[in-house]
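Peer 1: Here is what each chain is made of, one letter per residue.
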Amino acid sequence: MKPASFAYHAPKSVDEAVSLLDELAPQDGRILAGGQSLVATMAFRMARPSHLIDINGIEELAKLSADHGVVRIGACVRHCAFDSDALTGATGALLRKVVRNIAHLPIRTRGTFCGSVANADPASEWCCVMAALDGVAVLRSPRGTRRVPAAELYQGVMATSMAEDELLIAAELPMLADDTRTGFIEFSRRQGDFAIAMALVTYRLEGTVIVEPRVAIGGAETYPRRISESETVLQGRAPCEATFVAAAEAAAVAIDPMEDINNTARYRRNLVRDLTQKALELAA
Amino acid sequence: MTDRREITLKINGTEYTINVEARRTLVDAIREECGQTGTHIGCEHGVCGACTVLVNGNPVRSCLMFAVQAEGQSIRTVEGLQQGEQLHPLQESFMKHHALQCGFCTPGFLMLAVGVLEKNPDLTDEELSDLLSSNLCRCTGYENIMKAVRAGADGMK
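Those protein sequence lines, which keep their order, are chains A and B.
Quick note on numbering: the UniProt record's numbering labels position 222 of the first sequence as 222, and the sequence is numbered without any gaps.
Quick note on numbering: the UniProt record's numbering labels position 102 of the second sequence as 102, and the sequence is numbered without any gaps.
Be a bit skeptical, because a hint or two may be false.
As the list claims (entries may be wrong) - As a list, the in silico BS3-like pairs of lysine-lysine whose alpha-carbon atoms are at most 25 angstroms apart:
1) B/K10 to A/K2
2) B/K10 to A/K97
3) A/K63 to A/K97
4) B/K96 to B/K147
5) B/K119 to A/K63
6) B/K119 to B/K96
7) A/K12 to B/K10
8) A/K63 to A/K2
No lab work stands behind these hints: they were computed from the structure.
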C-alpha cells in the first residue's frame, strides 16, 4: 500500500527540529530519520502521522565521534557507518560484529543507530548494545537536554521513557578497555530477519579470572537488558566451559520470555541458554 | 490535506522536474512521474528488494524513501547500466548464467550487486551469499544469481 498523506518538514538545525516537534507532536507529528521501520509501517497504514519532520538534512546529527572515552553517535549516523574501521578499540570491534546482523545491506545504508534506539523494537541489535554497555540516550526538547541511561529508557515492546516532544539527538557508548573480550550472536530463521533471541557478552581477564562481566539478552523479553544473575556467576571465575554453562543457565532462568505463534517461552529460554554460552565462547 | 511540491530528481544523469505529494515514494516517482519503469515494485515495505536503486552510490530500497528526500542526490537505476549498445558486464553475466527466469527481481539484483561490486569486487562466497539474501527471487533458487554475480565481478575489475 501507499503511505497516507502527511505534511513534510525538513529542518536544517537541531533547534528548528526541536521547535517543530514541540509544535507538531501533539498533532501526531513524528521524526523521520532512516525511515526503514517507520515508512514500512506507514505503507501498511499502521502508522499515519500527520506530519513528518525529516532530520536527514541536519549536518551536525550525522557526526560519529570517539573521544574522552565516549563514542558519540549522532541521530543520523547510519548502520553501515559501523561496518568500517572508523571506530577503533574493543567497542569498535564489537559494533563491527553486531552491525552485520542488522537486516540487509540496503537497509543498513539508510537506517540509523538512533532510529533503532528510539523505535525500541525488542529484537533491535543496537538496543541490546545500549543495554549491554549502559549507553546513554541524549534527548533534546524545549525544556533542555536530558540524558537517559539505557536501563531507564526501555519500558516494553517499542515503548520508551522518551516524551513525545523529545528528539533523540545522539546515543553515547563507553569506549571499552582495549583488552575487553566481546561476543555477540543472534538467532533468526532466515538471514536478516528479526532475531528470536540474541546474546551480547563482554568481560576482561585479570590474571586468570573474569572481571567486569556484562551479559545482555535481546529479542527474548519485551526489551533488552543486562542479566545480573548471569554476570554474578562469571565474576571472579576462570573462563572455562563449566563457568560458561553455569552463566548461560543463570540467564535462561532469569528471563521472562515473550511468546508468539512460532516461539514458546520454553523455546526462547532454551535458545537464550544456547546463545549465551556461544557468545561467551566467542568472546573467550 | 495534501502537501505537494516541485522537486528535481537526477536519475542516470538526467534531471526530471516533477510535482509530487510528500507521501510519494521514490520508486513511484521514478516509475510514474519520470517514466523509468525498469525499477520494479514488489512488496512496497522494504522486504523484497525489487525496487533497489543506487542513491549516491549506495543500494537503497526506493520504496522506503520519499521522493522529496532524494532531491539533489544522484540516483542510478537499471536503465543507466547499459552504455549505448553495450550491456553492463553484470547484465551480460546474468544472461550467460541464466540468472533470471521471469525477470521481475532482476533490476533490483543488478543494482544491489553493482552498488557493492563497484566498491569491493573481491567479495568472498560467504559475503556474496549474505549480500544476495537481501533480495527475493522466487524463480532461480539463487544459485545462478550467485554464479552470475561472481563472474560479473571479474568482468567489472
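Peer 1: Confirm or reject each hint.
Peer 2: Hints, verified against the model:
1. Distance hint between B/K10 and A/K2 is fulfilled; the C-alpha atoms sit about 23 angstroms from each other, no more than 25 angstroms.
2. For the given pair, B/K10 sits about 35 angstroms from A/K97 by alpha-carbon distance, which is inconsistent with the 25 angstroms threshold.
3. Among the hinted pairs, A/K63 with A/K97 is consistent with the structure: their alpha-carbon atoms are about 21 angstroms apart, no more than 25 angstroms.
4. The straight-line distance between the Cα atoms of B/K96 and B/K147 is roughly 10 angstroms, inside the 25 angstroms bound, and the hint therefore holds.
5. A hinted pair counts as satisfied when its Cα atoms are at most 25 angstroms apart, and B/K119 with A/K63 qualifies at roughly 23 angstroms.
6. For the given pair, B/K119 sits about 24 angstroms from B/K96 by alpha-carbon distance, which is consistent with the 25 angstroms threshold.
7. Restraint check for A/K12 and B/K10: satisfied, since their Cα atoms lie roughly 22 angstroms apart, inside the 25 angstroms limit.
8. For the hint linking A/K63 to A/K2, the alpha-carbon distance of about 32 angstroms lies beyond 25 angstroms, and the restraint is violated.
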